[in-house]
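Top to bottom, those sequences are chains D and H.
This note's numbering puts the first residue of the first sequence at 1, with every later residue one more than the last.
This note's numbering puts the first residue of the second sequence at 143, with every later residue one more than the last.
Calculated directly from the structure, the hints in this document are not laboratory data.
Here the structure is a predicted model, which is why all the values come from computation and not from measurement.
From the three backbone atoms N, C-alpha and C, an ideal C-beta is built for every residue, glycine too.
Hints are not guaranteed to be accurate.
[Stated by the list, open to error] To be clear about the criterion: a stretch of chain H counts as covered by chain D if any three or more of its residues have a C-beta under 8 Å from a C-beta of chain D, and this derived list gives those stretches:
(1) 374-386
(2) 502-511
[As the list claims (entries may be wrong)] Here are some chain H residues pointing at chain D (derived, C-beta under 8 Å):
(3) H485
(4) F514
(5) V516
(6) P517
[As the list claims (entries may be wrong)] Across the chosen pairs, the derived CB separations fall in these ranges:
(7) G394/H / R65/D: 43 to 51 Å
(8) D18/D / Q277/H: 51 to 59 Å
(9) L156/H / D22/D: 26 to 34 Å
(10) K49/D / V285/H: 19 to 27 Å
(11) R151/H / E62/D: 57 to 65 Å
(12) S39/D / E462/H: 27 to 35 Å
(13) I147/H / N90/D: 54 to 62 Å
(14) N448/H / S39/D: 39 to 47 Å
(15) L47/D / G199/H: 19 to 27 Å
(16) D63/D / G163/H: 43 to 51 Å
(17) Y202/H / K49/D: 51 to 59 Å
(18) M455/H / Q40/D: 53 to 61 Å
(19) M1/D / E278/H: 34 to 42 Å
(20) N162/H / E5/D: 42 to 50 Å
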Amino acid sequence: MNIKEKEQEIISEFEMFDDWMDKYNYIIETGKSVPVIDSQYKQDQFLIKGCQSQVWLQASMEDGRVVFKADSDALITRGIVGLLIRVLSNQPPQDIVDADLAFIDAIGLKEHLSPTRSNGLVNMIKQMKLYALAFKAKQQGT
Amino acid sequence: MSFNIEQLRREFPLLGQEVNGKPLVYFDNAATTQKPKAVVERLMEYYYKENSNIHRGAHYLSQQATEAYENARETTRLYLNAAFSHEIIFSRGTTEAINLVASSFSKKFVNPGDEILISAMEHHSNIVPWQMACQERGAILKVIPMNERGELLMEEYEKLLSNNTRIVAVTHVSNALGTINPIEEIIALAHQKGIPVLIDGAQAVPHMKVDVQALDCDFYCFSGHKLYGPMGVGVLYGKEEWLQQMPPYQGGGEMIKEVRFSGTTYNELPFKFEAGTPNVGDVLGLEAALRFVSYLRHDEISAYENQLMQYGMEQLQTLENIRFIGTAEKKTSVISFIFNDIHPYDTGIILDKLGIAVRTGHHCAQPTMDFFEVPGTVRVSFAVYNTRQEIDILVEGLKKVRTLFG
Ligand SMILES: Cc1ncc(COP(=O)(O)O)c(C=O)c1O
Chain D
1 MNIKEKEQEI ISEFEMFDDW MDKYNYIIET GKSVPVIDSQ YKQDQFLIKG CQSQVWLQAS
61 MEDGRVVFKA DSDALITRGI VGLLIRVLSN QPPQDIVDAD LAFIDAIGLK EHLSPTRSNG
121 LVNMIKQMKL YALAFKAKQQ GT
Chain H
143 MSFNIEQLRR EFPLLGQEVN GKPLVYFDNA ATTQKPKAVV ERLMEYYYKE NSNIHRGAHY
203 LSQQATEAYE NARETTRLYL NAAFSHEIIF SRGTTEAINL VASSFSKKFV NPGDEILISA
263 MEHHSNIVPW QMACQERGAI LKVIPMNERG ELLMEEYEKL LSNNTRIVAV THVSNALGTI
323 NPIEEIIALA HQKGIPVLID GAQAVPHMKV DVQALDCDFY CFSGHKLYGP MGVGVLYGKE
383 EWLQQMPPYQ GGGEMIKEVR FSGTTYNELP FKFEAGTPNV GDVLGLEAAL RFVSYLRHDE
443 ISAYENQLMQ YGMEQLQTLE NIRFIGTAEK KTSVISFIFN DIHPYDTGII LDKLGIAVRT
503 GHHCAQPTMD FFEVPGTVRV SFAVYNTRQE IDILVEGLKK VRTLFG
């Protein structure tokens, strides 16, 4: 599935929830099931500091696709991190750079990506795109 | 309680709204309080009828505005029971007031090797300006430690007061913990050695009567916006003897007597420390806030808020896995806590969904958070318009948080 299809899949899943509690429950469950990042990557160089919660992000290139692993100390942030990874991980670098991530707005979580929330997510997306750009540059260089 | 809470709440139109489809429960009063009509109407009146620059024009409006502004200074003097109105300097807030003292006092009185003493529970506003002053003057910052309840260790304090200590800067009430510090004793001990004391009163003034002469503090700072007044205005009280000796903080209009290219002579107090056009409108709004609080009476406010805090503690204690951060014997209007198994940010997001405004995070007091080894806390802070029903709503909300994350 490409990025757009994955986004659509998530939007359909969220359409089943009719109140915010169900929605947050789902995000929290997603948070609990995000694969745990290796503790070796839970270091300052992978840390994206937010004022309220923190995010760790690690990226590698496998068969022309960028693979992301990430984690957060807060569960709601972790859940949204999980959704972002589901959409962006294992995709070609150019697609990641181009992604507009409109699904976040469509599922009503846009408020979590506001810089004023200061939860590390805005910078995480920026960082994901930077990784993708870097991998793309490397690809073209070889 | 002599005031009618329903009637009082109607004075704060903002409180009547819904957030996320729920009636707003506002428990972030330590960050800023809501404003009563009296304050908003004072601002409107000023801008509709009185706006003019002060101390500058011979014309009617300028005279009126100047008089109103200086009357507000006198109201503030009375409020703090300062000896002279020229000991009242208007600033942008607590932060600017502390920066003023840290900069001006240090230029005159702090030299390489000297020490500045603060406490372990200070707001960043009462840490960073002193770090900057220390850097500039080659001085050393010393910190009074606290115990696990969030109380300053007075014996350690006495030991830290040395012949090199030039000033002590301590908060009256901790914004992150709610601790009321024994500032009378802190001031008396410093004065025994001839050391002046600055008190950060940002979190105290809304909750208790402050008499700067009875305290005998040398500087006292607070912000209007935490005391039902407008944002952008605050007060520095300073004893005349210190303010006279300190050099100006900023240069510009108002603060000068004569300007020649060959040199400038500075104006007298308080104008020496109020460079540029002051925030006249907000100063008048602050005056209205002081009147409002005086009208409600501080003893009534304290009694009511203490009841709220006690009720809040009783109710919150029933929750599973809760850990209170800051359990000093003497506290006011702040309950800070975390659930051992839930991140404060997660708690805050769910409460927000329920229309409940609390503060989560480090509360601009990172060293305090580090001391308690928590990433942050959930802080519930009370004002005079809060109610027991709101505490019940909060507890219900926290139970929801526990079912979601626990
Ligand atoms: C104890 C304390 N000191 C200083 C400040 C800074 O006040 P302001 O931001 O109004 O200058 C605050 C506000 O949060 C505070 O709680």
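Query raised in the report: Is the interface hint for V516/H satisfied, with its Cβ closer than 8 Å to some Cβ of chain D?
Result: Check failed: Cβ of V516/H comes no nearer than 11 Å to chain D, outside 8 Å.
Query raised in the report: For the pair N448/H and S39/D, does the Cβ-Cβ distance stay inside 39 to 47 Å?
Result: With Cβ atoms ~46 Å apart, the hint holds.
Report task. Indicate whether the distance between the beta carbons of D63/D and G163/H respects the range 43 to 51 Å. Result -> With a Cβ separation near 47 Å, D63/D and G163/H satisfy 43 to 51 Å, so the hint holds.
Report task. Could you tell me whether the CB distance from G394/H to R65/D stays inside 43 to 51 Å? Result -> Hint violated: Cβ distance 60 Å, outside 43 to 51 Å.
Query - Proposed interface contact between P517/H and chain D, which counts if any beta carbon pair is under 8 Å - result: holds (6 Å)
Query raised in the report: Is 54 to 62 Å right for how far apart the beta carbons of I147/H and N90/D are?
Result: holds (57 Å)
Query raised in the report: Measuring from beta carbon to beta carbon, are N162/H and E5/D in 42 to 50 Å?
Result: violated (32 Å)
Requested in this report: Just tell me: holds or violated, for the beta carbon distance of K49/D and V285/H against 19 to 27 Å?
Outcome: Given about 24 Å between the Cβ atoms, the range holds.
Query - Verdict on chain D covering the segment 502-511 of chain H, where coverage means 3 or more residues with a C-beta closer than 8 Å - result: This one holds; 3 residues, not fewer than the three required, reach chain D with a Cβ under 8 Å.
Query raised in the report: Range hint 51 to 59 Å: satisfied by the CB atoms of Y202/H and K49/D?
Result: Check passed, 55 Å falls within 51 to 59 Å.
Query raised in the report: Can the suggested window of 53 to 61 Å be confirmed for the beta-carbon pair M455/H and Q40/D?
Result: violated (43 Å)
**Report entry** Whether the CB-CB distance between L47/D and G199/H falls inside 19 to 27 Å
**Finding:** violated (56 Å)
Of the numbered hints stated above, those contradicted by the structure are hints 1, 4, 5, 7, 15, 18, 19, 20, listed in ascending order.
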